[in-house]
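Below, each chain spelled out in residue letters.
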Amino acid sequence: MFEWLRHRSKPTKKYRTTEIDEEHIMPIKGRLLANLDIIREYIGNSSDVVIRLLRPKDNEVMAAVVYIDGLADGQMIQNNIIRPVLQNFPPKKENLNASELLEKVKDSVLTIRDLKEVDTLNECLKEALSGNTVLLLDNCRRALILVTPGWKVRIPEEPISEPTVRGPRDGFSENLQDNLVTLRRRIKDPNLTIIKMELGRRSKTDTAIIFIKDIADPKIVDEVRDRLSRIDADSIIAAGHVEQYIEDDFLSLFPQIQYTERPDKVAANLMEGRVAILVDNTPFASIVPVTFSMFLQATEDNYDRWIYTSLIRSIRYIAVLLSLFLPAFYVALISYHFGMIPTKLAIFIAAAREGIPFPALIEAFLMEFTLEILREASLRLPKSIGQAVGIVGGLVIGEAATRAGIVSPEMVIIVSLTAISSFSVPQYALGVSMRILRFAIMLAAGVLGLYGVMLSFIMITSHLVKLKSFGVDYMSPIAPMQPKDWKDYIIKAPANMLKNRPASINTLNTKRENQRKGRG
Amino acid sequence: MIINSNDKISTKQATASVTAMIIGAGILTMTRSTGKEVGTPDIWMSVILGGMLALTLGFVHVKLSQRFPGETFFQYSHAICGKFIGTIINLAMIALFILLAGFEARVLAELVRSFLLYSTPLEVLIISFLWVGAYLVAGGLNPLVRIFELFSIVMVLILTGILILGLQHFDINNLRPVLSEGIMPVIKGVKSTFLSYLGYEILLFITGFMKEPQKAMKAMFIGVSIPIFYYIGIAVIVTGVLTLEETLTLTWPTATFVNSIDYPGGFIENFQIFFIIAWVLAIYTTFSGALYIASMGIGQIIKKKTSDFICFLMPVIFLVSMIPDNQARVFEMGDLMGNLWLVVAGIIPLIMLVVAVIRKKGSVKKANE
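In order, the protein sequence lines correspond to chains Y and P.
Take 1 as the starting number for the first sequence in the numbering used here and just add one per residue.
Take 1001 as the starting number for the second sequence in the numbering used here and just add one per residue.
These aren't lab readings, by the way, just hints derived from the structure by calculation.
One or more of the hints may lead you astray.
In the BS3-like style, the derived pairs of lysine-lysine whose C-alpha atoms are separated by at most 27 Å in a straight line are [stated by the list, open to error]:
1. Lys-1012(P) <-> Lys-499(Y)
2. Lys-484(Y) <-> Lys-1218(P)
3. Lys-1063(P) <-> Lys-1211(P)
4. Lys-484(Y) <-> Lys-1008(P)
5. Lys-1211(P) <-> Lys-511(Y)
6. Lys-1012(P) <-> Lys-511(Y)
7. Lys-1211(P) <-> Lys-219(Y)
8. Lys-1304(P) <-> Lys-487(Y)
9. Lys-468(Y) <-> Lys-1008(P)
10. Lys-468(Y) <-> Lys-1063(P)
11. Lys-1083(P) <-> Lys-511(Y)
12. Lys-1215(P) <-> Lys-1036(P)
13. Lys-1188(P) <-> Lys-468(Y)
14. Lys-219(Y) <-> Lys-126(Y)
15. Lys-1063(P) <-> Lys-1191(P)
16. Lys-1218(P) <-> Lys-1083(P)
17. Lys-487(Y) <-> Lys-1012(P)
18. Lys-468(Y) <-> Lys-1360(P)
Could you build all of it, start to finish, from the sequences and the hints given here?
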């Protein structure tokens, strides 16, 4: 079914080492002014583009630097490029030809840390737009790219979306390089491999694939690289954008890629043989492949003692079931199977529902819908107003609606219990899919009672069992059964018992502990 | 796409498939239908004998399948019996599985109508169930066996639970006298218990997909033994708690038995509803297995992709499930199906095995491993 919808664009090129205009490669011309004209033609309209012509004092050769103000570090350009070029340029009497001149400038004039040579204007433009400085010489068919990025970066702060009690407080920032550094600092293994790619024909967003060479399954790495290189989009603004292109099943309600703001979480996942994707300008890392259970595990689970973690995890599983099925179950009981409710409670419920004008299904929809609106409203508002929404919502849902006889107090209990349960899911992405499913199951319960609830349960299970994330079964380790992995699934065994990496993901190296002989 | 090595079926999954296929609608009515044939409280002996029969036939099936590694019944039937007779046998097999799927769907609908939704039309119940089944089967064999694996554990847990809780009202005197009318009534009952064992034939079709086909025998023995064990338990406890006389008057003796249990805590009343809801799982596995095999059969006869025929099969199964016009007829249809089954899935594979051995078809070496 839906095969026609799943069509993905064919793979084009493995890497896009790209150009302003992809087919049209522009070699650097002999005349400096001609080159500058071309550069002006492409980016000269912007006011922040700086093209500075230099005439060194002992030589008639002209030079030019091109950079973007603000992206490149102005102080650095002035001290380490413009000043040495103007003052220490090889004098005319040395009689060097153009390429020798370039070598000389590169080797003994510039006091810049990192540079490279290029021979097309396309690359010059690209590098200038990435915050580097281009140095062009007259009569020379090559140019120097001087690495001078210097934009302002946000200082990494504690991740807002994933706070912890015990874990480290740093989160990713918007700068890809800084993010890679935080990961390198956590894993000092020479096998930690970073592959960089550029995504987006126009935006040229730097993207890094991170994995540990001797743990991660090369098949998964290749698949990730392949899917990323297949993205044929104008621009990649953020990681969430990339995720939508590379996920396995875009018709599924369940998230197939996990994102996190926490470097420690990424490090832990890399160690399990997973692959992380970092996109420049996004303080989130995407982790693939994922399994369902990952969405119910918080980072802190690894830092707390095992008994506590096991208890908390099982509570989370119960919470997921409650938040999916509780309102539906209630609707089914009220509308079809009233006899199942214990007699005493049934009398109470019947009395409370006496004046309610709506059937249970409508009542439940009304309340859940109000709740969704409230949630959406408080999400987008500034924090100070958000609280006001909470108060209004609490009053409207809790008190007024019951007093006015629109909903029964039992329904208020059910809805709030459902809401609380859904908040206890540590990953927002899964919470969203559960919210959508909850409405569908409620509808099924309204039409077919408990039978409908059961059918929807079977349907969801069937779907989850089919789902894969980068070749890894979404529901592992329970389908397919992998009892070895159950030590770190609903319960978490003591740390010294978790000697192997998860078996649900193929890894080149399965042992976590006791690799050295003579230990333990 | 990455193809994982676990796309083949493990021995554990094969075992679970056999169990999940067997446990289905049969267990709900087995005590009554067998009790009618036997007429004495020795129902459990018939259950054992029926299980032995299923084991023997399962043995034949596995031996047959192992001679043709990597092939399903629908493929090697041509090799053994020739094109014409092979196709006829295949069609009979497909028809049987369609019949089984229709029967399971109808029994479920009847069950739901008796206990949950008293006035919802049967058509609605059946069609919604068919859709859910078709959704799973469209994903191919792997999701299917995973569901088998998952749900078979749930079924086993539920059965263990009710058997243990049922012991509180158990009265051994209800099972006496043993063999009061000799062994003959017991043997008469075997045929009707056999209906409850339908489904073990799945190994004819999935042995070819197993990672270690030489272990198919083990999978069959364990997979059939689990239902035998629980069937005996249910037969003993239901007759022990309800007495034979009462059992014979009930449409769904097992559900009534579940209702007689006092549950600790007792917060929920009418506990049988929970049992019935959970039993949707058991019927679902049998149904989707039958649907899968039927669509696979048609797919392999016409040499097309399996999943294309599900849409075509659904209305057929729906019509089959609507043939009986009342509940009594449903169970008559079940008995008829049991008889047909004994012929098509019991005797024919046996003959085929003999023919294969005589004509030296298939790889004998593989079978002896």
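We went through each hint and held it up to the structure:
no.	hint	verdict
1	Lys-1012(P) <-> Lys-499(Y)	holds (24 Å)
2	Lys-484(Y) <-> Lys-1218(P)	holds (22 Å)
3	Lys-1063(P) <-> Lys-1211(P)	holds (17 Å)
4	Lys-484(Y) <-> Lys-1008(P)	holds (19 Å)
5	Lys-1211(P) <-> Lys-511(Y)	holds (25 Å)
6	Lys-1012(P) <-> Lys-511(Y)	holds (25 Å)
7	Lys-1211(P) <-> Lys-219(Y)	holds (21 Å)
8	Lys-1304(P) <-> Lys-487(Y)	violated (43 Å)
9	Lys-468(Y) <-> Lys-1008(P)	holds (15 Å)
10	Lys-468(Y) <-> Lys-1063(P)	violated (35 Å)
11	Lys-1083(P) <-> Lys-511(Y)	violated (53 Å)
12	Lys-1215(P) <-> Lys-1036(P)	violated (38 Å)
13	Lys-1188(P) <-> Lys-468(Y)	violated (50 Å)
14	Lys-219(Y) <-> Lys-126(Y)	violated (32 Å)
15	Lys-1063(P) <-> Lys-1191(P)	holds (23 Å)
16	Lys-1218(P) <-> Lys-1083(P)	violated (32 Å)
17	Lys-487(Y) <-> Lys-1012(P)	holds (19 Å)
18	Lys-468(Y) <-> Lys-1360(P)	violated (43 Å)
Hint check: violations occur at hints 8, 10, 11, 12, 13, 14, 16, 18; the rest are consistent with the structure.
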